[in-house]
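Q: Given these sequences and hints, build the entire structure.
With the first letter of the sequence shown counted as 1, position 58 gets the number 63 in this note's numbering; the numbers rise by one all the way through.
Keep in mind the hints are simulated off the structure, nothing from the lab.
Everything numeric in this text was worked out from a predicted model, so none of it was measured.
From the three backbone atoms N, C-alpha and C, an ideal C-beta is built for every residue, glycine too.
It is possible that part of the hints are untrue.
Computed spacing ranges between beta-carbons, pair by pair [unchecked claim]: (1) Asp-30 - Gln-98: 15 to 25 Å; (2) Gly-84 - Ser-17: 25 to 35 Å; (3) Asn-91 - Leu-29: 14 to 24 Å; (4) Arg-85 - Cys-61: 29 to 39 Å.
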Amino acid sequence: MEITSIKYISASPYVTKAQIMKSLDISARTVSNRLAEIDEYVQKGRYGNYTILDGCGVTYVNYLAFVDFLRYRKDLKAGRKVPQFNPTAVARQIGWGNLQAEYQ
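A: Given below as structure tokens:
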């Protein structure tokens, strides 16, 4: 038997920029621009300090924060009030929170 690939299950919401590009079908430039915008909201306190992990040549991003930002981007830029970031709610909205319910 020859092992040709290894797949793993991860409970971490962190993904690479390349994974974001692939899953959302957007360009590298768009991802980089959105991360720069998200960083502004990290500084303002909407997202935590560990939303963007950059080092050793690879950038990891909290996918739940990225999706939340895309959802409320226009409202945030316009200065409108938006719900507080709730990773659990975002996970449920994108289908991550329903996995356990399917197997019960």
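Q: None of the hints should be skipped; say for each whether it holds.
A: Verification of the supplied hints:
Distance hint for Asp-30 and Gln-98: a CB-CB separation of about 19 Å, consistent with the stated range 15 to 25 Å. A beta carbon spacing of about 32 Å between Gly-84 and Ser-17 agrees with the range 25 to 35 Å that was offered as a hint. One distance hint, 14 to 24 Å for the beta-carbon pair Asn-91 and Leu-29, holds here, with the actual separation near 20 Å. Hint check: Arg-85 to Cys-61, Cβ distance near 37 Å, so the stated range 29 to 39 Å holds.
Checked against the numbered hints given earlier, the structure satisfies every one of them.
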